[in-house]
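Protein chains: 2
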Amino acid sequence: MKQQLPGGVIRQNRKLADGRDIFYYDNSDISRDAVDTRNEVAQPGIGHLRLDVLVNEWVAVASHRQHRIFLPPKQLCPLCASTKDKQTEIPDSDYEVVVFTNRAPALTNPGENWSLPQLAGLDTPNPDAAGACEVVCYTSDHESSFAKLSVKQIRAVLEAWKDRDKTLSTLSYIEHVFPFENRGEEVGVTISHPHGQIYAYSFIPPRVEKMLSAAQEHLKKTGRVLLDDVIKREIKDERRIIAKNSEWIAYVPYAARYPFEIHVAPLRGVAHMNQLDETQSESFAPIAKEVLSRLDGVFGIEMAYIASWYQSPVSIGQDCMRLHWQIVSVRRQPGKLKYLSGSESGMGAFIMDLDPEQSADQLRAVKL
Amino acid sequence: MKQQLPGGVIRQNRKLADGRDIFYYDNSDISRDAVDTRNEVAQPGIGHLRLDVLVNEWVAVASHRQHRIFLPPKQLCPLCASTKDKQTEIPDSDYEVVVFTNRAPALTNPGENWSLPQLAGLDTPNPDAAGACEVVCYTSDHESSFAKLSVKQIRAVLEAWKDRDKTLSTLSYIEHVFPFENRGEEVGVTISHPHGQIYAYSFIPPRVEKMLSAAQEHLKKTGRVLLDDVIKREIKDERRIIAKNSEWIAYVPYAARYPFEIHVAPLRGVAHMNQLDETQSESFAPIAKEVLSRLDGVFGIEMAYIASWYQSPVSIGQDCMRLHWQIVSVRRQPGKLKYLSGSESGMGAFIMDLDPEQSADQLRAVKL
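Top line first, the protein sequences correspond to chains V and U.
Okay, so the first sequence: first residue is -13 according to my numbering, each after it adds one.
Okay, so the second sequence: first residue is -13 according to my numbering, each after it adds one.
Any given hint could be a false lead.
All copies of an identical chain are treated as equivalent in the list; a pair is satisfied when it fits inside any one copy or across any two copies.
To be verified - Calculated lysine to aspartate or glutamate pairs in the EDC-like style (CA-CA distance at most 16 Å, straight line):
no. : residue 1 : residue 2
1   : Lys134    : Glu203
2   : Lys322    : Glu171
3   : Lys322    : Glu172
4   : Lys207    : Asp305
To be clear, the hints were calculated from the coordinates, so they are not data collected in a lab.
In this text, all values refer to a predicted model and were calculated from it rather than measured experimentally.
Use the sequences and the hints to build the structure in full.
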């Protein structure tokens, strides 16, 4: 069955040999009927969550993941389309955008009657690691990157994100949906094919919890939405703005934590990705391409980055939290990385080695 | 003037050519009178703090640090003792343990009348980046490591930590003292000479804030100290204990976030490092050596790690927070690192690829 999505994107749901879901998202009406003929063993079992009582944070223990695939050579890439000689994760011989369930998911469907236990310090039980981990392949072209995708292709990726956000948000055991991309070996990417991931958590992740609390406090104090005010300040200051169109703005945040950190947000705020309307969705690709091209242009090398979509949790915060995209690069100079060491990792206290305004200057100076 | 410290350690305070402090800590009574004859320019200015309003966290902007020294070859190591031909950061031709002010400190003395502003969302002013950044050289032997230090030498390091903790805690602009070590290029170490650092913050760092809040809640609910109860559970469970002596215990925590994570705590809890008594101080070196040797033994390679001392802030939390040492290694297999990517870095949600019990088994199995 074909599902028509906004932007002319068509979704087709299929199954992999081991029962995992795979979704094709296409700009054209093409049938995706190739069958996964691999002899697949059953999926690994579910992990569990443990409460770190020192900070009241959940840790997902997923010991079945240790032996997952690691930097395969191109001819063994599991994210390329299948060929006669080689079956990959994508049964078809070509694709535009696909999403499928991670082969070694840290978080997965817990079955019936799962619920997150109340925090009770050392007496907190260990629930199954409920949630979802999905892989989002941006293109069948192994050598491409998000920045190099066509506008039409980025729209298909966006529709895939929106579609999965919408569906995952309806699952009883999902509390927060997080689309992201790790890019570059420097941030631990184990497969170089252009792709991102979606993690859907059964709890509010620690950083979102902090954002929620700051946004709630701001709403209570001022009656306004925090991100709206943040964007107002960026527009007023001007100096950190990197790119702007009728619907989106991109800036180095006032208190950037990384030498190259860019936030991208819709000017008309929405709480969830799946609430982006047609105009917003259509205007996303140009700014996304510009921002990522500027990032690659700073040193003339493909920048390693982590690109994270922040939005409101599923069941709380829609009144005060707003969707935005934070792209952080761990590179501070051509031969130097920004590491999360003692202060950042041990204390959570970031030291930023570059003025955010200087970082914005460098990003704006890139000739596209 | 020589200051007698516990454990027979003697401290001598000196100045570097540019006015920075240097402290020698020696096990023997030797005079450290060598003079720093370098032509030194004045220290770089002070950075500032910016509030990241999305999460209510301070970020230290220290743009003068960008060009700090990066992996110098051994013959140019600034942490070796000085020779006739080469003046380093340590004027003397030999030393046991030294502490000196970082040449490019992210946090520094703000002068008179500094105070941290109240958080006021987007209206929060930018204070000077008050605090201290110090370098702790563990030994003059460039090729050594903390694990290889003699028991006597580790005692001198501990006395240096205690002494600096005590002094820094008295400064009006210091709210939290954090001794730590980054070891290995994998965690961004720019100088391979065995050394650690002390960061002293003018605010409660985010991770300590979370620890404080969890500890306060536990005290309120149970009347007990959280870390005491954590240690009780570890002793009862047994399975994650790595090493123990009459005063200290070392274990893989129940909710470990890294494949190899070890916590080391005194059995008789103290809030601050400088409160460790003679018996505790004397028993620290053997367990520290054992734990770090086990870590290096797991794969037979020098493990990259971040070793962080957690303690109570200066002015709050002494009733509920307890000193302990968290050592986390980013290595998960000989050729594989654990990266803080999307889930950890973007969401603060850790995925642990190894059962903590399995990790403890591997650490215990190391033949010393």
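* To do: Find the hints from earlier in the document that the structure breaks and name them by number, from lowest to highest.
  => 1
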